[in-house]
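*Asks:* Sequence:
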Amino acid sequence: MPDKITIVDDVLTMGRTSFTCAELLRAVCPDAEIRIFAMIRTQGLQDDIDQIVDPATGVIVGYPSGKTHRDP
Numbered sequence: 001m002p003d004k005i006t007i008v009d010d011v012l013t014m015g016r017t018s019f020t021c022a023e024l025l026r027a028v029c030p031d032a033e034i035r036i037f038a039m040i041r042t043q044g045l046q047d048d049i050d051q052i053v054d055p056a057t058g059v060i061v062g063y064p065s066g067k068t069h070r071d072p
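Last residue of the sequence shown: 72 (the working numbering), numbering continuous.
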């Protein structure tokens, strides 16, 4: 089994798809470090976007309801 797994996503919005993929991988590879990389992340309903390039490292939290929270 791999030690590290990176999920690559084109656009990260709420993070539900990537989070679900990570949960499924965790079931098969419980000891692996799982990360998500996305080329683009949405910033919600912001009125003004200061810049197009805004790299960030964050966390996606999943809830029993199936909803997720992404920060940032």
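Hints are computed from structural coordinates only; laboratory data are not their basis.
Treat the hints loosely; a few may be bogus.
Unchecked claim - Simulated pairs of lysine to aspartate or glutamate, DMTMM-like, Cα-Cα distance not exceeding 25 angstroms:
| no. | residue 1 | residue 2 |
| --- | --- | --- |
| 1 | 4 | 71 |
| 2 | 4 | 33 |
| 3 | 4 | 50 |
| 4 | 4 | 48 |
| 5 | 4 | 23 |
| 6 | 4 | 31 |
| 7 | 67 | 23 |
| 8 | 4 | 47 |
*Asks:* Now tell me, hint by hint, if it's right for this structure.
*Replies:* Here's how the hints hold up against the structure:
Between residue 4 and residue 71, the direct Cα distance comes to roughly 22 angstroms. Compliance with the 25 angstroms bound is thereby established for this hinted pair. As the CA atoms of residue 4 and residue 33 are separated by approximately 5 angstroms, the hinted pair is consistent with the 25 angstroms bound. Taken as a hint, the residue 4 and residue 50 pair is broken in the structure, with Cα atoms around 34 angstroms apart against an allowance of 25 angstroms. Of the pairs offered as hints, the one joining residue 4 and residue 48 is violated, with about 37 angstroms between alpha carbons and a cut-off of 25 angstroms exceeded.
With a C-alpha separation of about 14 angstroms, the suggested pair residue 4 and residue 23 falls inside the 25 angstroms cut-off, and the hint holds. This hinted pair checks out: residue 4 and residue 31 have alpha carbons roughly 9 angstroms apart, not beyond 25 angstroms. With a CA separation close to 13 angstroms, the supplied pair residue 67 and residue 23 stays within the 25 angstroms bound. As the CA atoms of residue 4 and residue 47 are separated by approximately 37 angstroms, the hinted pair breaks the 25 angstroms bound.
The structure does not agree with the numbered hints 3, 4 and 8 stated previously, though it agrees with the rest.
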